[in-house]
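K.L.:
What follows is the residue order along each chain.
Protein chains: 2
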Amino acid sequence: MQNASVEQLVQYLAKLPGLGPRSARRAVLHLIKRQDGLLKPLIKAMDEVAREIRTCSTCGNVDTNDPCAVCTDARRDHTIICVVEDVADLWALERTAVFKGVYHVLGGTLSALDGVGPDDLNIPTLVRRTDSDGVAEVVLALSATVDGQTTAHYIADSLNRETINVTALAHGVPVGGELDYLDEGTLTTALRARREVQ
Amino acid sequence: MQNASVEQLVQYLAKLPGLGPRSARRAVLHLIKRQDGLLKPLIKAMDEVAREIRTCSTCGNVDTNDPCAVCTDARRDHTIICVVEDVADLWALERTAVFKGVYHVLGGTLSALDGVGPDDLNIPTLVRRTDSDGVAEVVLALSATVDGQTTAHYIADSLNRETINVTALAHGVPVGGELDYLDEGTLTTALRARREVQ
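Protein sequence lines, in the order shown, are assigned to chains A and B. First residue of the first sequence: 0, per numbering that gives the first Met the number 0; consecutive thereafter. First residue of the second sequence: 0, per numbering that gives the first Met the number 0; consecutive thereafter.
It should be emphasised that the hints constitute simulated quantities derived from the structure, not laboratory data. Some clues are possibly wrong.
All copies of an identical chain are treated as equivalent in the list; a pair is satisfied when it fits inside any one copy or across any two copies.
Stated by the list, open to error - Restricting the straight-line Cα-Cα distance to at most 16 Å, the calculated cross-link-like pairs of lysine to aspartate or glutamate (EDC-like) are: (1) Lys43 to Asp179; (2) Lys99 to Asp72; (3) Lys99 to Asp76; (4) Lys43 to Glu6.
Make a model of the complete structure from these sequences and hints.
P.N.:
Below, the structure is given as C-alpha cells:
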C-alpha cells in the first residue's frame, strides 16, 4: 500500500553508496516531513549540480568549469602532479591545504580480479601529460592496498624517470594511532622507515 | 577547492538520517558519475514526491491523496485501527500483508525527557476517531521501549474500554532469534507468556 512515487524515490535513494532499502525509506520519510526545509532545497542543489558540474578534461576533477579551478590556478605549482584514485581523495588532500601542485585522477586502481587494465584508467593521459608539460615530480597518493600499490608500480614504470622524480606518500604509524592497535604490516613498514629524531 | 554547488549538495545530503559528511561526499561523487542513470531520475522522483505527497488528515499516512489509499479502501476493516508511532512502522506492517484494518500514525511516543506530551502526538484525534466511527478494536503496535510502553498505557487509559477492545502486539522471541543472544527482558516476557504447544 506504499505510494508509487514514494516507492520510486526509495528505490533511487537506495542506490546511493551507504544507503540500503531500509535507510532509504527512513530518508524519504525524513524528506516528506521536511518538504520546505530539506526536500525542496535538496532538489534545487541537485538540479544545480546536474546542470553545472562537469569532469575536468585535464585532471579528472569535477567542477563548474573545464579545465577545473585547480588546473587553471596560476598560483599552484604545475610541475608537480599528485596522482589519486578518485575525486574523493583529491578533496581529502585539498582539505589538508598542504599540497600546492596539481592533480591527476585515475578513476580507480588496476585490478586483475575486476578486469581493470591500464587503458580503463586515466594512465595514458597521465603519461602524455607528463611528457609535454615540463613536469618535474609525480606524487603517487594511492591506497596502501595490493591493488593500489600494483597501480603505483605500474605508473612508476610507465613514466620517464630520467626527467621525472616519482615519489609516494610515506607509510607509517597514523597520527593519533596507538601501536597496540596497528597491524604488523604497518609496524614493520614504520620500523624499516624509521627516521633520526631531530 | 571544492566546488560551491557540490559542497552545498553535500551539506544537504548529510542531513539525511544515516548519512554523515563523509558518506554524503561519496554519494555526491556517485551521483556526478551517474548523471543520466541516477542523478536526473532522482531529481525527477524527488520533484514528484514534493509536488504530490501529502499527509492523510484521517490517519497520518503519506500518500498522493487525502484521505489516503488505506483509509479509502472499502475492502479494509474500518472497525480495527492499528496505532503506530511512525509512517515507517505502517509501511513495515503493510509489507507483512497480514493486517486488514486501518491505521493511526501518532508521530512519535510520549517522552518526559524530550518534553513530548499527548497533545504533541495524534492522540486526541485517535480518541475522537474511536468515539465516532464505530471502532471495535484498537491494536497498539508501539515499540517495546519504555517510551513506547508508556504511550501504549496512556492510550489504553484514554480510550472508552467499554466499547473498544484494546490489544497490543505480542512480545517474545523474534522469529529466527537465537536464545543465546536474547536479552533477559525478552526471555522473561517470552517465558511468562508461554503457550501450550498445539
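K.L.:
Against this structure, judge whether each hint is valid.
P.N.:
Hints, one by one, checked against the model:
1. Lys43 to Asp179: neither (47 Å within a copy, 50 Å between copies)
2. Lys99 to Asp72: within (10 Å within a copy, 64 Å between copies)
3. Lys99 to Asp76: within (6 Å within a copy, 69 Å between copies)
4. Lys43 to Glu6: For Lys43 and Glu6, only the inter-copy Cα distance (13 Å) is at most 16 Å; the intra-copy one is 21 Å.
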